[in-house]
Amino acid sequence: MQKYSVFSLIKNAFSNHEKWDLAWKDPTPKKEYDVVIIGGGGHGLATAYYLAKEHQITNVAVIEKGWIGGGNIGRNTTIIRSNFMYDDNARFNEFGMNLWRNMSQELNFNVMFSPRGIINLAHSDAQLNAYARRGNSMRLNGIDAVLLNREEVKKIIPMADFSDDVRYPIFGGLAQPSAGTARHDAVAWGYARQADSMGVDIIQNCEVTGFDIEAGKITGLRTSRGDIKSKKIGLCVAGSTNVLAEKLNMTLPIETHLLQACVSEPVKPVLDGVVTFGAGHFYISQSDKGEMVMGGDLDGYNSYAQKGNLPTIQHVLTGGVALFPFLSRLKMLRTWGGIMDMSMDGSPIIDKTHIDGLYLNCGWCYGGFKSVPSSGWTFAHTIAQDRVHELNEGFSLNRFSKGYLLDEKGLGTKTWIS
Amino acid sequence: MLNIKCPYCGDRSQKEFAYGGDGTITRPKLNQEISDEEWDNFVYLRKSPRGKHIELWHHIAGCRQWFKVERDTTTHEIFRTFKPEEEF
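Residue numbers (my numbering), protein chains in the order written: chain P, 1 to 418; chain A, 1 to 88.
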């Protein structure tokens, strides 16, 4: 594999950048693989990479219906954080933070990880108390959490509405300074390029049409590009999980919902980190290009549409203007949507299933992007060793029927209001 | 924007309604032994189909009645809306 560096850049400049190697091949599917990963998004590609790197399993295919990086890995708002209260979520995501910090070097691909910090704003005493509790839990798990009062918040985001007559005054906030953002496409491409170089076949434009199961064991799958045999198959298909589950006669604690995001026209640097509004569904950061990147609420009803409706954008931006009045002067550049695998307690599922050799990775709700490395790492372990790692044992499929929910926000089973 | 025909009030904007989830789920019968599996099915497990979906909606900023909608989850086409007692 061609190493990317300033020297390779200069060298290729002499040939007008026409002689770069392809970043990954476009192979024809083989008849059999040791492991097949369905879904060529961030989680699927990361899983393939860690299967090859950590477990030396390189006879692996990643099957993608569309093109790699065309789903939620290319549709999210690129926020990376580990500010969780429950141990299972906190440890898992803090493990991921360490992978994020070295990702550009490890993948030899600039993912532009930028630890610029996140602030969750509190708009009442009770909310600030709840954040203090969450911050204490985070610190017990070794995660940097800083409780900010109103004046400290004002120093960081002076352009927020700090006037006396606002409906939701800012009381303070909980900051995680080590949180940040990254360039999401580069994450998919970086994992794909490294996985490909270790022998993984990345097969695009290949739709899974069915599964072969014999005596409770998975033996292969049928695709639009032919049948493939494999004794181990991993599902990493986010919003399409229920569609494949139907082909497997499984019913899951997952609903598919649409989440929208939008960006404004680019402006000069105004906002350093990520800020979330505590009194409504709104969060914001500023991209390196200067666009204000914003998101908020689900559209609120089951949807596979990958594009949204205007009322939700209006609702989200109403909250945005309440917090940052200057936003009312900005034009929106574009909006888009992605379909989320909303789990019934807001936490993911990385587990084996009742079918031998079939592994499940889903339920990422709003937060799949930050978990790409930790999800790939633990899912690869689960598949390779045929047992869950201690980092993902809390994300079990049967926790719902057993009553061990990981309900981080305490919102219950109405996935569309969470 | 969705245009939903409330069976009590007629065509209204989506903004007047609140969503209530899968409308095909039935609660286990009262005063009977209910297994963990039955509770699991009722509380957590959802088909969430791509295509036709029967769901509950609440006309919360109108007549405040609950009713059912049959809608396509990909195109958002609404095939029919009906009162709960009118079902099939």
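It is worth saying that the hints were derived from the structure and are not from the lab. On a predicted model such as this, the values are computed, not experimentally measured, just so you know. There could be a bad hint or two in this list.
[As the list claims (entries may be wrong)] With the C-beta cut set under 8 Å, the calculated list includes, among others, these residues of chain A facing chain P:
{"hint": "1", "residue": "G21"}
{"hint": "2", "residue": "S35"}
{"hint": "3", "residue": "D36"}
{"hint": "4", "residue": "Y44"}
[Unchecked claim] Keeping only pairs whose Cα atoms sit at most 27 Å apart, straight-line, the calculated DSSO-like set for lysine-lysine is:
{"hint": "5", "chain 1": "P", "residue 1": "K231", "chain 2": "P", "residue 2": "K352"}
{"hint": "6", "chain 1": "A", "residue 1": "K52", "chain 2": "P", "residue 2": "K409"}
{"hint": "7", "chain 1": "P", "residue 1": "K307", "chain 2": "A", "residue 2": "K15"}
{"hint": "8", "chain 1": "A", "residue 1": "K47", "chain 2": "P", "residue 2": "K352"}
{"hint": "9", "chain 1": "P", "residue 1": "K65", "chain 2": "A", "residue 2": "K52"}
{"hint": "10", "chain 1": "P", "residue 1": "K402", "chain 2": "A", "residue 2": "K68"}
{"hint": "11", "chain 1": "A", "residue 1": "K68", "chain 2": "P", "residue 2": "K414"}
{"hint": "12", "chain 1": "P", "residue 1": "K307", "chain 2": "P", "residue 2": "K352"}
{"hint": "13", "chain 1": "A", "residue 1": "K47", "chain 2": "P", "residue 2": "K414"}
{"hint": "14", "chain 1": "P", "residue 1": "K53", "chain 2": "P", "residue 2": "K352"}
{"hint": "15", "chain 1": "P", "residue 1": "K247", "chain 2": "A", "residue 2": "K15"}
{"hint": "16", "chain 1": "P", "residue 1": "K414", "chain 2": "A", "residue 2": "K52"}
Just so you know, even glycine gets a beta-carbon here, dropped at the ideal spot from N, CA and C.
Query raised in the report: Given the hinted pair K231(P) and K352(P), is their alpha-carbon gap at most 27 Å?
Result: holds, 13 Å
Requested in this report: Please verify that hint: G21(A), Cβ, nearest Cβ of chain P, below 8 Å or not.
Outcome: holds, 7 Å
Query raised in the report: Quick one, is the Y44(A) hint okay against chain P at 8 Å, beta carbons?
Result: holds, 4 Å
Requested in this report: Would you check whether S35(A) satisfies its interface hint, that is, whether its CB is within less than 8 Å of any CB in chain P?
Outcome: violated, 10 Å
Query raised in the report: Within 27 Å, alpha carbon to alpha carbon, are K307(P) and K15(A)?
Result: holds, 18 Å
**Report entry** Restraint check for K247(P) with K15(A), where alpha carbons must lie at most 27 Å apart
**Finding:** Between K247(P) and K15(A) the Cα gap is close to 35 Å, so the pair fails against 27 Å, i.e. violated.
Query raised in the report: Within a Cα-Cα threshold of 27 Å, do K47(A) and K352(P) meet the stated pairing?
Result: holds, 20 Å
Query - Given hint K352(P) paired with K307(P) - CA-CA distance at most 27 Å - result: violated, 32 Å
Report task. Please work out if K414(P) and K52(A) have their alpha carbons no farther apart than 27 Å. Result -> holds, 20 Å
Query raised in the report: Given the hinted pair K65(P) and K52(A), is their alpha-carbon gap at most 27 Å?
Result: Within the cut-off at roughly 22 Å; holds.
Query raised in the report: Does the structure keep K68(A) and K414(P) at a Cα separation of 27 Å or less?
Result: holds, 17 Å
Query raised in the report: When you check the alpha-carbon spacing of K53(P) and K352(P), does it fall within 27 Å?
Result: With a Cα-Cα distance of about 21 Å, the restraint between K53(P) and K352(P) holds, given a limit of 27 Å.
Going through the hint list in order, the structure does not satisfy hints 2, 6, 10, 12, 15.
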